[in-house]
Amino acid sequence: MILAIASGKGGTGKTSVAVALAQAATGKVQYVDCDVEAPNGHLFLHPAITERREACLPVPAVDAARCTGCGECARFCQYNALAALGTNVLTFPELCHGCGGCAKLCPAGAIREVPRRIGVVESGQAGTVRVTQGRLDVGHPAAPPLIRAVKRQAGADGLAILDCPPGTACPVVAAVRGCDALLLVTEPTPFGRHDLTLAVALARGLRLPLAVAINRCDTGDRQTEAYCRAEGLPVLLRLPDDRRVAEAYSRGEGMLAARPEWARLFRQLPAAMATLGQGGAP
Amino acid sequence: MKIAITTSGDSLAAPLDSRFGRAPRFLLLELADGSFTLVDNRQNLDAAQGAGIQAAQNLAATGARALITGHCGPKAFRVLQAAGIQVYTTPGAPTVAAAVEAYRAGRLQPLAAADVEGHWA
Numbered sequence: 196m197i198l199a200i201a202s203g204k205g206g207t208g209k210t211s212v213a214v215a216l217a218q219a220a221t222g223k224v225q226y227v228d229c230d231v232e233a234p235n236g237h238l239f240l241h242p243a244i245t246e247r248r249e250a251c252l253p254v255p256a257v258d259a260a261r262c263t264g265c266g267e268c269a270r271f272c273q274y275n276a277l278a279a280l281g282t283n284v285l286t287f288p289e290l291c292h293g294c295g296g297c298a299k300l301c302p303a304g305a306i307r308e309v310p311r312r313i314g315v316v317e318s319g320q321a322g323t324v325r326v327t328q329g330r331l332d333v334g335h336p337a338a339p340p341l342i343r344a345v346k347r348q349a350g351a352d353g354l355a356i357l358d359c360p361p362g363t364a365c366p367v368v369a370a371v372r373g374c375d376a377l378l379l380v381t382e383p384t385p386f387g388r389h390d391l392t393l394a395v396a397l398a399r400g401l402r403l404p405l406a407v408a409i410n411r412c413d414t415g416d417r418q419t420e421a422y423c424r425a426e427g428l429p430v431l432l433r434l435p436d437d438r439r440v441a442e443a444y445s446r447g448e449g450m451l452a453a454r455p456e457w458a459r460l461f462r463q464l465p466a467a468m469a470t471l472g473q474g475g476a477p
Numbered sequence: 026m027k028i029a030i031t032t033s034g035d036s037l038a039a040p041l042d043s044r045f046g047r048a049p050r051f052l053l054l055e056l057a058d059g060s061f062t063l064v065d066n067r068q069n070l071d072a073a074q075g076a077g078i079q080a081a082q083n084l085a086a087t088g089a090r091a092l093i094t095g096h097c098g099p100k101a102f103r104v105l106q107a108a109g110i111q112v113y114t115t116p117g118a119p120t121v122a123a124a125v126e127a128y129r130a131g132r133l134q135p136l137a138a139a140d141v142e143g144h145w146a
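Order-wise, the sequence lines are chains A and B.
The numbering of the first sequence is our numbering, which starts it at 196 and goes up by one.
The numbering of the second sequence is our numbering, which starts it at 26 and goes up by one.
These aren't lab readings, by the way, just hints derived from the structure by calculation.
It is possible that some hints are incorrect.
[Stated by the list, open to error] For the chain B half of the interface with chain A, some residues (derived, Cβ under 10 Å), not all of them:
id : residue
1  : Gln74
2  : Ala76
3  : Ile78
4  : Gln82
5  : Lys100
Note that the Cβ used here is the ideal one computed from N, Cα and C, for glycine as well.
Excised from the complex, chain A in its bound form (with noise of 0.2 Å):
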């Protein structure tokens, strides 16, 4: 099963709660950490990275003795990741997403793709959790295919549980994609119903079953609960706001090390996940 952790706003403890269903579960395992602009879970897991591959991205080079100058690879390329002038061709690879259509449409075959580093996809062991992870380039744009090249790397072998970027562009969509069932991490905060709606309709265009974790739930205010209840979005975990907890993390540890007990809400909720609807409908 993929269980994808994301949330709309950061900061409100989808590592935290990504982490801690990794350690309570019983079975197979895995990390895997999509939130390649910062990947955190290894300051929790601290797994003793094994392998690492770079993760590349195909980009064009152009063959200026067979380009007869037709330009329909710079007018293809969203991204204006070629201009043409004439047979002079130009590329700019930092602007390239990788997509090969400009390859592909090139009458005269003067196109082929070259790959070019964007990062790193790492795993290793920490303890019973398998963990994969990714970090990009920086001064490189795009998460998107890193993220990508992470998700493919840690397969489906048993529980995935996939620790998402924060928002709800891009990156996140390449990371919830395909799961099984989504987990929005929240807080009982204006700002983080907010985005929690935003993150809401992104599962719902992409048809995914979902379900919501409240953390810090006795702070704030009671609309969070009332949004879930008028949205028919089952809230699947309440986590109290526990400055044990706070302390654990400040020394690099995750949840269940100051509250063992709660490792029991965390081992149930895959099953829980398993049986919902799409879209949050029960």
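On the provided structure of chain A, position chain B as indicated by the hints.
Coordinates of chain B only, in the frame set by chain A:
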């Protein structure tokens, strides 16, 4: 010889637009007789990225030999240079006419490199 000036308006009295890639249009001036046409560049206003690259290709297709604008970034400059278009910058010029006057009087020097940083991608 034709030169292009970035502008948000539609005449010589219109303000110079200091942007290149996301300028709404280019005023394409024939230096020999002072006649001009307008080249639309608005399709670039909403481009997610690479507006300067696209604008430079559009400009190259007009046959302009020189560009007067406010600033020019590295990707646009690379395309303009490959197209053989000389780039002049005069961000302080109040109007298209003032920019052209400075160019005609020889007060503008062609750029040897981009004068501003590239964007995030």
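Hint check:
1. Against a cut-off of 10 Å between C-beta atoms, the interface hint on B/Gln74 holds, since the closest Cβ of chain A lies about 6 Å away.
2. Checking B/Ala76 against chain A by beta carbon gives a least distance of about 7 Å; that is within 10 Å, so the hint holds.
3. Of the supplied interface hints, the one on B/Ile78 holds, with its beta-carbon coming within about 4 Å of a beta-carbon of chain A, less than 10 Å.
4. Using the Cβ-Cβ criterion of 10 Å, the hint placing B/Gln82 at the interface with chain A is satisfied: the shortest such distance is roughly 5 Å.
5. The interface hint given for B/Lys100 holds, since its Cβ lies 6 Å from the closest Cβ of chain A, which is under the 10 Å cut-off.
Going down the numbered hints, you'll see the structure goes against none, and every one checks out.
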